[in-house]
Amino acid sequence: MRRYKEMIIVGGIAGITLLSYFGFAASIKGSDYEVESVQKGTSEELKKINIEVENGDIKPTQYNIQLDGQITSESQNYITGLFNNYAADFPSDFYRFISKEDVFTSEIGPRTYGIKMNASKLDYHSYDKSTQKQFKKTFNYRLAVPDRETSDVRVFYQDDMNVYVQWDDHSKKEKATVLLLNLARGKAEMLQSKQLKNNRERQYVVVNPYGIVYREIAYDAEGVEKDSAYYLDNGKSIKRLKALDSYAAEGNFNAANDNQSLIAYGVFDSENSKSIKWSTYDFKTNQVKQHEVEGQHTYRFNGSYTMIAQDKLYHIANINDSDFQVTVVDMKNETITYQGIIKDKNSKKNRLIQDVTVLE
Amino acid sequence: MKKFLMLSNEEIKRSLKLYMTILITLVIIEITSIMYQILHYQSKIEDLMQKERLTEMQAVEQLNGPLTFGDATNYFKYMITLGIMFTILYAFQIWYRDWYGESKYIYRLLMLPGKRITILFSKLTTVLIFVCGFLGIQWVIILLSHPLYKWLLPDHLQVASKITGESAAINMLYTFNVIDTFVILALALFVITMIFLFVLTERSYRKGKALLTIARDVALLIVPFIALRYVFDATSILVPNQQVFVYLSFILAYFAYVSWKCIQLLNHKVSI
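From first to last, the protein sequence lines are chains A and B.
Those letters in the first sequence? Residues 18 to 377, by our numbering.
Those letters in the second sequence? Residues 120 to 391, by our numbering.
Watch out, some of these pointers could steer you wrong.
[Claimed, not checked] Calculated lysine-lysine pairs in the DSS-like style (CA-CA distance at most 27 Å, straight line):
1. A:K76 with B:K196
2. B:K132 with A:K22
3. A:K76 with B:K281
4. A:K76 with B:K269
5. A:K22 with B:K121
6. A:K133 with A:K153
7. B:K196 with A:K365
8. A:K76 with A:K117
9. A:K253 with A:K65
10. A:K366 with B:K121
11. B:K269 with B:K196
12. A:K46 with A:K360
By construction, these hints were calculated from the structure, which means they are not laboratory data.
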């Protein structure tokens, strides 16, 4: 051993100090989650919901929590960091399409859309993360090709096989165009094309039998928002939806699944409340109605996550520094169909809900 | 194996004084730097309080808040850079000293019975052990700096932080993931092997041919990389995750080539 004295000294210093580092790393405890049901849902329903939680800790880890109790975690490192990217969520050919320079992409809930417009045709691709289904269609339609620099094309609403597209042209004067893509018949048509007044912007919300709903925002000369309102354009006249005036500044209302109403959530929720609230606007009565259900625990609004899928409202929020309350609300009957607590046995703080997926 | 252990020990023995001097210097500079940062911060607060008649809170506010652990260990990144520089220079020195030393040590090395590959491995092992030593000692200094920070700085001037503080360089080295440490060591191995190839090429050919061969070997790394990037961008044949696979495979293949070339040069080309 004496022969290797120097090697043992230097190797020993390196080995012991590095081992102390590895020992320290191994001693860092992550979260240890368990799901405790307060109000039970069906097992099939629970399997569908996947909650992604990320820690802002010294040792970044991602937890995938299913409400039926299946929990997996993955520590992030330099190798996984190379592979963890947006592309992994999509099939290869879909990603290839949407990553092209002349393709406009947009998202609604679990669906991602890609639209490419040529002079004589429109290529449409979509991918739904919840069903993992991809849809492609080419529409023959004469179009002015949008300039990538001055145009914006996005899908703003999909009603079964009808896809509604907003095309904004900011080149000279602001122009907003609505296209309808009928996926079943393979037909594209222009529903409206409007030249906007100076310093105006439109966000289309929904197209239904009552007309086209949009939110229009007016800016002052400095580009500061000075007024915004929701409008209904039925083709003959344009009506300001005054019932939605108090919500217009935030633009909370989105199309509901029934195509007869608009829905908004997170507007009236307050910090440290038990009530989960949402509002609906009914086109028939032209009125906004408030709804609420009461959960088991007081939750923190800050950092909470709400989404709507398949007529259900999914609400996830912290009830203390480390635990989350998950509530599934049947919006038609205004009842809680499931409530559970995701408990961290190690009571770790600074956890963030990254994503919630509801599989179909 | 015996030859490898003996040669490795011999390499370490020959560099022990230099390595230990650098290691101890780095430790002293880092510990001194953290003490300096803390004392300097406190004296700046006292100065502001006396000259501008501010309260302690106002003085702290003027100095952009309390001193974080990241601020106190601000000099560590320069020491880490020095450690990396030393490793790179040492990777050259470990070969050249054998040629340029008084006793032409390389002559004895090449004349040793057995495979010459052992010489390469022993030198590689020595540099890697030194890299591990730097990583380990730097970690211990970070561990020791925490009690020093807490001891020297009054409680109300401290900021709670994670053990590695806010420095990007320290957080890149110490991610508390074992795999990351091996990735860092693999990267070091790659760079060291490249340097070994340059030295062995320079020792194997005349000046002009050596330069051309080195340029070709560097081009063999860079040109395919640029070409791959261009093809991927232009054609979108592969999605990003597949591209990463191709890049990683290429780097592995290149590393295999560099290692093979080093062995070939040492076995057949290198001259005394």
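What are the numbers of the hints the structure violates, in ascending order? 7, 8, 9, 10
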